[in-house]
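Q: Chain residues, written in single-letter form:
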Amino acid sequence: MDGRGLVFTLDALVAASLVFLVLAYVNGMVGENNVGDWSGTRMLESGYDTADVLYNTGALQAMNVSWMERIVNSTTPPNTAMSMRILSYTNSSGQMMQSNTMNIGPPVPDSQAVAYGKRTFLTFKDGGVEYYNVAEFWVWSK
Amino acid sequence: MAKGQIIAGDYIVAASVISLLFASSVIMWWKVNYQIQQDFMLSEMKAQADSALKLLIRSPGTPLNWSKEVSNVSALGLAKTDRVLSQAKVNAIKTIEYDRLRNLLGVGGHHVYVKVSAVGGSLVTEAGQLPDGQFVVNSRRASVLDGKPVFVDVSVWDRVD
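Note that the protein sequences, when read in sequence, are chains A and B. Heads up, the first sequence is in the numbering used here, so the first residue is 1 and it goes up one at a time. Heads up, the second sequence is in the numbering used here, so the first residue is 1 and it goes up one at a time.
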């Protein structure tokens, strides 16, 4: 057998295999469609939307857990989960004292990226401020 | 077998491999190029849908009372206040002429469809053209109408021949 011809063919096959591998990798990378991915910003946006819906429907001020859970479950996108904690404070001679804590939704996972935001609101009683509230929320991909 | 014949045989095998490689490269290059263009277009459409939706649920539009005289609207928005929709504006959006609606929502040459629906799914209002193409992107955000949660959907779509 002629050695030169064999080397020529083997070289071509090795080169072809390498180029094929690179092309297949590039093709796979480009094929990954990123449109519609749930980035942190979009999750945060969705969290603020839900927090505002809770506030604008009055569910947040009513501090009604089942009402809030119903809204959170129906307005949170299906591929995400949301959890909320409401901290209520009273003003005691200029000193803010924490009085209540309310939790809604599943526990926040500690092993994945979570978007965090908060919204403040007041609740009133007898014509005055009853509680100064902070609603914190966490949104993550399911 | 003669030495010249062996070399010619090797040459034919090598030439076949190279030709196959060249043809595959051309096909893959075309495919990758097409995919990049498609992804770019979808990303652009997604950004337009997100931006139009943000405008609709967070801005009251210009003039503030544009729903009273739809022909005067210069910037579209359905909000009474941030994320609280105005029933009059929700009703008025469907009376806007389609090409005008596209321009006001800034979707360029693409098509657009806007839907406001109750959380349970019942339709409150819709405007634009229902998606009827192979490229469709949809954005959905929650808002409030008449004290109840609603979804506002914006679909930007196109068909490319």
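It is worth saying that the hints were derived from the structure and are not from the lab. Hints are not guaranteed to be accurate.
[Unchecked claim] DSS-like mimics (lysine-lysine), calculated; alpha carbons at most 30 angstroms apart, straight line: (1) B:Lys115 to B:Lys94; (2) B:Lys148 to B:Lys54; (3) B:Lys94 to B:Lys68; (4) A:Lys118 to B:Lys94; (5) A:Lys125 to B:Lys68; (6) A:Lys118 to B:Lys115; (7) B:Lys31 to B:Lys54; (8) B:Lys115 to B:Lys68; (9) A:Lys142 to B:Lys46; (10) B:Lys115 to B:Lys31; (11) B:Lys148 to B:Lys80; (12) B:Lys54 to A:Lys125; (13) A:Lys118 to B:Lys68; (14) A:Lys118 to B:Lys31; (15) B:Lys54 to B:Lys68; (16) B:Lys46 to B:Lys94; (17) B:Lys80 to A:Lys118; (18) A:Lys142 to B:Lys54; (19) B:Lys68 to B:Lys31; (20) B:Lys94 to A:Lys142; (21) B:Lys31 to B:Lys46; (22) B:Lys46 to B:Lys80; (23) B:Lys31 to B:Lys94; (24) B:Lys115 to A:Lys142.
[Claimed, not checked] Covered stretches of chain A, going by a simulated chain B footprint (3 or more residues, C-beta under 8 angstroms): (25) 48-60; (26) 87-94; (27) 128-135.
[What the hints assert, rightly or not] On the chain A side, residues computed to face chain B include the following (Cβ under 7 angstroms): (28) Ala12; (29) Ala16; (30) Asn27.
Quick reminder that beta carbons are idealized off the backbone N, C-alpha and C, glycines included.
Q: Confirm or reject each hint.
A: Evaluation of the provided hints:
no.	hint	in the structure
1	B:Lys115 to B:Lys94	holds, 10 angstroms
2	B:Lys148 to B:Lys54	holds, 19 angstroms
3	B:Lys94 to B:Lys68	holds, 13 angstroms
4	A:Lys118 to B:Lys94	violated, 35 angstroms
5	A:Lys125 to B:Lys68	violated, 38 angstroms
6	A:Lys118 to B:Lys115	holds, 29 angstroms
7	B:Lys31 to B:Lys54	violated, 34 angstroms
8	B:Lys115 to B:Lys68	holds, 21 angstroms
9	A:Lys142 to B:Lys46	holds, 22 angstroms
10	B:Lys115 to B:Lys31	violated, 35 angstroms
11	B:Lys148 to B:Lys80	holds, 14 angstroms
12	B:Lys54 to A:Lys125	violated, 35 angstroms
13	A:Lys118 to B:Lys68	violated, 36 angstroms
14	A:Lys118 to B:Lys31	violated, 45 angstroms
15	B:Lys54 to B:Lys68	holds, 22 angstroms
16	B:Lys46 to B:Lys94	holds, 22 angstroms
17	B:Lys80 to A:Lys118	holds, 23 angstroms
18	A:Lys142 to B:Lys54	holds, 24 angstroms
19	B:Lys68 to B:Lys31	violated, 51 angstroms
20	B:Lys94 to A:Lys142	violated, 36 angstroms
21	B:Lys31 to B:Lys46	holds, 22 angstroms
22	B:Lys46 to B:Lys80	holds, 25 angstroms
23	B:Lys31 to B:Lys94	violated, 40 angstroms
24	B:Lys115 to A:Lys142	holds, 26 angstroms
25	48-60	holds (count 7)
26	87-94	violated (count 0)
27	128-135	violated (count 0)
28	Ala12	holds, 4 angstroms
29	Ala16	holds, 5 angstroms
30	Asn27	holds, 6 angstroms
In this structure, the earlier hints numbered 4, 5, 7, 10, 12, 13, 14, 19, 20, 23, 26, 27 are contradicted, and the remaining ones agree with it.
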